[in-house]
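Just so we're aligned, residue 3 is where the sequence shown starts under my numbering, counting upward by one.
Worth double-checking, as some hints may not be accurate.
[As the list claims (entries may be wrong)] Simulated crosslink set (DSSO-like; lysine-lysine; CA at most 27 angstroms straight-line):
1. 70 to 42
2. 124 to 168
3. 253 to 168
4. 69 to 42
5. 315 to 253
Bear in mind the hints are in silico, worked out from the structure with no lab data behind them.
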Amino acid sequence: VTGSMATQTLSDANATVNAGYYAATTLNAVDTDLVSTNIKSSVDIFGTVGTFTSDGDAVAGDMRTGKKAYVNGALVTGTVAAGAANVDGANGVNPVAIPAGIYAGTETATANDADLTAANIKSGVNIFGVAGTASLTSQSVVPITGQTSTVPLDPAPEGSDGNLHKGVAYPNPRFTAHTDNNGDGDCVDDGETCNGTVTDNLTGLIWLKNANCFGSRSWANALTDCGGLANGSCGLTDGSTAGNWRLPNIKELQSLIDFAYSGPALSANPFTSVELNNYWTSTTLANSNTISTNTRSAVVISLSSGAVSSATKTLTRYVWPVRGPQ
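Please put together the full structure from these sequences, using the hints given.
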């Protein structure tokens, strides 16, 4: 009798071991995953004793309540309740701090912050899936005058500026003198040394702290004086260079005025040497009769009352440099 059964080779490709003759080999050669590090500790599979104990480090406080897992061979049941913390605006300020925790995943962002609506978000901006519809044109960009009464009528009559107070409110503090380490708006009573500048927190404009460094000058000289102003002059230690400063235009200088005050017409005065007189602006007066530019006169503003008028450019008026905003 001549045999006809071929020799076979064990393989992990088939879980069924067929009857027949096999070439001699080792089991881990048949399946390379048959090693001790892949087998549970103390378990013996075909003579290979397992050593794997798991590399997990989770504890009950890391898993949701009721959920179970084996960690290093031991059963761990979670103890953290879902929704133990909420994502909302009460946890901090810009940017909002999100506390650690497990979240239920059933609440929307709008449910946790009632202000997260389309009407409160700038048009074209999408925050947490809410597309904004607010138009900036619906908001006032004109600052209040500061007037709260109408002398001699006090309280102010209905419909008057002193009664309505329309416009964007002034920031608090209105001005910041630099360097102002304690935030009180000045640097004269706390041992600080100013760098010679004051920032208007309403406009972002930076003004020379000394409001009368150059004295009374002609309009042409005022332009030149401001353009040449730099670190080391007029009390400046701000690192500025020639060309950084300029003579303010009518809107910039008038932005300082608070009509609730006079002598000077400033809501706060961290400045020095403010003259109760007219200051030049860089704005040339327009001639309303010929609709042309009157090159002989420029607009001036009184820092005593806030009144706007004009003066021939060859006359002398006071000079207050500005730079920025930045």
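Original post:
Does the structure keep residue 70 and residue 42 at a Cα separation of 27 angstroms or less?
Top reply: Answer holds: residue 70 to residue 42 is near 19 angstroms, not above 27 angstroms.
**OP:** Could you grab the alpha-carbon distance between residue 315 and residue 253 and see if it respects the 27 angstroms cut-off?
**Re:** OK: residue 315 and residue 253 at ~19 angstroms, within 27 angstroms.
Original post:
For the pair supplied as a hint, residue 253 and residue 168, is the alpha-carbon distance within the 27 angstroms limit?
Top reply: Satisfied, since the Cα-Cα distance of roughly 18 angstroms is no more than 27 angstroms.
Original post:
Are the Cα positions of residue 124 and residue 168 separated by 27 angstroms at most?
Top reply: holds, 22 angstroms
**OP:** Would you check the hint for residue 69 and residue 42, treating anything up to 27 angstroms between C-alpha atoms as holding?
**Re:** Holds. Residue 69 to residue 42 sits at ~22 angstroms (cutoff 27 angstroms).
The structure fails none of the hints (numbered hints given earlier).
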